[in-house]
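For the record, the sequence lines run as chains A and B. Quick note: the first sequence uses the numbering used here, first residue 291, plus one each step. Quick note: the second sequence uses the numbering used here, first residue 2, plus one each step.
These are computed hints drawn from the structure, not numbers from a lab. Cβ coordinates follow ideal geometry from the N, Cα and C atoms, glycine included. Do not rely on the hints blindly, as some may be mistaken.
[What the hints assert, rightly or not] Partner residues aside, some chain B positions facing chain A, computed with beta carbon under 8 Å: (1) 138; (2) 160; (3) 162; (4) 190; (5) 191; (6) 316; (7) 324.
[Unchecked claim] Keeping only pairs whose Cα atoms sit at most 25 Å apart, straight-line, the calculated BS3-like set for lysine-lysine is: (8) 147/B - 522/A; (9) 357/A - 487/A; (10) 55/B - 535/A; (11) 322/A - 534/A; (12) 522/A - 292/B; (13) 534/A - 323/B; (14) 325/B - 285/B; (15) 325/B - 522/A; (16) 534/A - 318/B; (17) 522/A - 87/B.
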Amino acid sequence: MKILVPVKRVVDYNVKIRVKPDGSGVELANIKMSMNPFDEIAVEEALRLKEAGKASEVVAVSIGPAKTDETIRTALAMGADRGIWVKTDEAGIEPLTVAKLLKKVVEAEGPTLVILGKQAIDDDCNQTGQMLSALLGWPQATFASKVVLGDTGVEVTREIDGGLQTLRLDLPAVLTTDLRLNEPRYASLPNIMKAKKKPIDEKSPADLGVDLAPRLEILSTSEPAGRTAGIKVGSAAELVDHLKKAGVL
Amino acid sequence: MADSLPTLLLAEHDDASLNPVTARALTAAKALGAPVHMLVVGENARAAAEAAAKLDGVAEVLLADAPAYAHRLAEPVAALGVALAKEYGAVVAPSTAVWKSVMPRIAALLDVMQVSDVIAVVAPDIFDRPIYAGNAIQRVRATDGKKVLTIRTASFAATGEATGASSAPIRAVEPAGTAAGNAARSSFVGEDIAASARPELTAARIIVSGGRAVGSAENFHAVIEPLADALGAAVGASRAAVDAGYAPNDWQVGQTGKVVAPDLYIALGISGAIQHLAGMKDSKVIVAVNKDEEAPIFQVADFGIVGDLFEVVPALKTEIAKAKA
Chain A
291 MKILVPVKRV VDYNVKIRVK PDGSGVELAN IKMSMNPFDE IAVEEALRLK
341 EAGKASEVVA VSIGPAKTDE TIRTALAMGA DRGIWVKTDE AGIEPLTVAK
391 LLKKVVEAEG PTLVILGKQA IDDDCNQTGQ MLSALLGWPQ ATFASKVVLG
441 DTGVEVTREI DGGLQTLRLD LPAVLTTDLR LNEPRYASLP NIMKAKKKPI
491 DEKSPADLGV DLAPRLEILS TSEPAGRTAG IKVGSAAELV DHLKKAGVL
Chain B
2 MADSLPTLLL AEHDDASLNP VTARALTAAK ALGAPVHMLV VGENARAAAE
52 AAAKLDGVAE VLLADAPAYA HRLAEPVAAL GVALAKEYGA VVAPSTAVWK
102 SVMPRIAALL DVMQVSDVIA VVAPDIFDRP IYAGNAIQRV RATDGKKVLT
152 IRTASFAATG EATGASSAPI RAVEPAGTAA GNAARSSFVG EDIAASARPE
202 LTAARIIVSG GRAVGSAENF HAVIEPLADA LGAAVGASRA AVDAGYAPND
252 WQVGQTGKVV APDLYIALGI SGAIQHLAGM KDSKVIVAVN KDEEAPIFQV
302 ADFGIVGDLF EVVPALKTEI AKAKA
C-alpha cells in the first residue's frame with residue numbers, strides 16, 4: 291500500500307515576512323524557505339504507518355519552481371522513499387490548480403491514502419486536500435489528530451469546533467493533518483546523505499494536462515492595520531478603571 | 002450574469018440553534034448586493050431554520066433535513082451545495098470547522114477557486130483576505146462567474162433580527178447528490194464535545210486567555226477559569242499552553258486555531274508570538290499581564306500590567322467584583 295504526501299515549500303515558520311513597499315506582494319528574495327509545518331506532520335504520519343508495517347511506500351510530491359526539489363529532499367531525508375516534482379515557472383499556484391495536478395499524480399501512482407497538511411502557512415487557504423478529495427470522489431477527513439489505519443478503512447479523529455469527532459472512511463481516502471497529530475522527526479545526517487541518492491521524478495504541468503492560469507487576480511498586498519502599544523498600568527484597580535472608561539466591562 | 006443571481010449562505014448551527022457566527026457571515030453575504038437565501042442543513046434542524054428566518058435580510062430559508070445530513074459530513078453536504086449552487090451567484094459560509102471542510106469541495110466540483118477567510122467585501126467580485134497569519138492582507142478579484150467564499154466572522158458585525166414579527170419563508174429541499182455514492186463512503190463514529198456553560202470563543206464578548214506561564218491544567222482551572230466566569234467570558238489559550246497539555250485543543254487562539262475579535266481580550270502569561278497575535282489582534286481592547294516587560298504582547302495591548310499573573314489575576318477578580326457590585 292502506497293501513501294502519497296504532497297509537500298509545499300513556504301517561507302519558514304520563524305520568518306517575519308515583509309510586505310513590499312509597492313504593494314506587489316511579500317518580499318521573498320533571500321528569505322529562508324522550509325517545508326510547510328503541517329506537511330511535515332503529514333510526512334511523519336505516513337512514515338509511522340510505513341514503520342508500523344501498514345504501508346509499503348511513501349512518495350512525496352511537490353509543485354513549484356526551481357529549488358522546490360530541496361523541499362522534496364527534506365521529505366526524503368525524513369524517510370520518504372522517492373519524490374515527484376511537478377516543475378512550474380512560478381510559485382503561488384492556486385489550490386484548485388494544485389488539486390487538479392495532484393489528481394493526475396494520484397491517477398498515475400494509485401496510492402491508497404493521500405495525507406496533506408490542513409493549510410499552508412503562506413496563503414492560509416485550507417483548501418487543497420478537500421478539493422483533491424472532491425475531484426477524486428474519495429472520502430475525506432480534515433484536521434486529523436489521530437489516524438488508525440485498517441485493511442479496508444481508516445478511522446480518523448478530527449479536531450472540530452468544541453472538541454473531537456471520529457469518522458470512518460473507506461479506502462482510498464484523503465486526510466489532512468492538524469497540529470497535534472504527531473511530532474515530526476528531524477532528519478539525521480546519514481539520512482540526509484542517503485536522501486541525495488533517492489530518485490525525484492520531474493514532470494511538467496503540460497505532461498499532466500493541467501492549465502495553470504490563476505482564477506484569482508491579486509490586486510494588491512498590504513500591511514494589516516497596525517495596533518499601537520497602549521499604556522502600562524500599575525494595579526488591578528487602575529486597570530478596571532480604564533476598562534470601565536473604555537466601556538468594555 | 003451571475004451577479005443577478007441571489008446569494009446562498011450556509012448556516013452554522015447545531016440543529017437546535019443557530020450559531021451566532023451565522024449572523025456575522027450574513028452581514029458579509031448581504032454586502033455582495035444580491036438577495037440572500039440561507040441553507041440550514043442537518044437532521045431535525047427546523048429550530049435552527051426558524052432562527053435563521055428571523056434574521057434581517059434573509060429572503061428565504063432552505064431547510065435540508067435528513068438523516069444523511071446528521072453531523073454535516075463533508076461529502077453529502079457538499080453534494081447538496083453543488084446541486085443548489087446552480088441557482089446562485091455566490092455560495093458563502095462562515096469559516097468554521099464544518100464549512101472549512103465542505104466549501105473547498107463545493108468549489109472544486111463547481112470548478113471555482115474559493116476565496117478563504119474573507120475579511121472585507123470591497124465589491125461583489127473583490128475581497129480582502131489575510132495571508133501569512135494576518136501579517137499581510139491580499140486584495141483579490143475572483144474571476145470565476147460563481148463565487149465561493151468563506152468568511153472570517155470576527156471581521157463582520159452581526160446582523161440582527163428583522164423588526165416586527167416578520168419571518169422569511171422556510172422551504173424544504175430534498176436531499177441531493179447522494180447518488181454520487183460519496184455519502185456512504187464516510188461515516189460518523191462518535192464525537193467528544195466538551196459541554197460548557199461559558200460562551201463560545203468565536204462569539205464571546207470577553208475572552209480570558211492563558212499562556213505557558215499558567216504552568217498547569219490545574220492552574221487554568223484554579224486561576225484562569227474563575228476570572229473568566231466572573232466576567233461571563235470564554236476561555237482561550239495560546240498554542241504553547243495547549244501543546245503543554247494545560248488546555249484543550251479547541252481553546253487555541255491563533256493562526257491555526259480560532260480567530261477571535263471580542264470587545265475585551267485578556268492575555269495572561271502569553272508572550273505574543275505572531276501566530277497568536279494573528280488570532281486576536283482585531284479585538285477591540287486588549288489587556289496583557291506578563292512578567293516580562295519586553296514580551297511582544299505588550300506591543301498590541303491597550304493596557305498592560307508587568308507582573309506575576311498569579312498575583313494580578315486574584316486582585317483583578319476582586320476589583321471586578323467591586324466594580325459590578
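Against the structure, the hints come out as follows:
Look at residue 138/B: its Cβ gets to within about 5 Å of chain A, closer than 8 Å, so that hint holds up. With its C-beta approaching chain A no nearer than about 21 Å, residue 160/B sits outside the 8 Å limit, and its interface hint is violated. Given the 8 Å rule on beta carbons, the hint for residue 162/B is violated: about 24 Å separates it from the nearest Cβ of chain A. The closest approach between the C-beta of residue 190/B and any C-beta of chain A is roughly 4 Å, which is under the 8 Å cut-off, so the hint is satisfied.
Interface restraint check for residue 191/B: the shortest CB-CB distance to chain A comes to about 5 Å, inside 8 Å, so the restraint holds. Proximity of residue 316/B to chain A holds as hinted, the smallest CB-CB distance being about 4 Å (cut-off 8 Å). Taking 8 Å as the C-beta contact cut-off toward chain A, the hint placing residue 324/B at the interface holds, the least distance being around 5 Å. Of the pairs offered as hints, the one joining residue 147/B and residue 522/A is violated, with about 49 Å between alpha carbons and a cut-off of 25 Å exceeded.
Restraint check: the Cα-Cα separation between residue 357/A and residue 487/A comes to about 17 Å, which is no more than 25 Å; the hinted pair holds. Among the hinted pairs, residue 55/B with residue 535/A is inconsistent with the structure: their alpha-carbon atoms are about 34 Å apart, more than 25 Å. About 45 Å separates the Cα atoms of residue 322/A and residue 534/A, which puts this hinted pair outside 25 Å; it is violated. Our distance criterion of 25 Å between C-alpha atoms is met by residue 522/A and residue 292/B, whose separation comes to about 12 Å.
Using a Cα cut-off of 25 Å, the hinted pair residue 534/A and residue 323/B holds, with the two alpha carbons roughly 12 Å apart. Pair hint residue 325/B plus residue 285/B holds up; C-alpha atoms about 21 Å apart against a cutoff of 25 Å. Distance hint between residue 325/B and residue 522/A is fulfilled; the C-alpha atoms sit about 23 Å from each other, no more than 25 Å. A distance of roughly 14 Å separates the Cα atoms of residue 534/A and residue 318/B; the hinted pair therefore holds under the 25 Å criterion.
Among the hinted pairs, residue 522/A with residue 87/B is inconsistent with the structure: their alpha-carbon atoms are about 55 Å apart, more than 25 Å.
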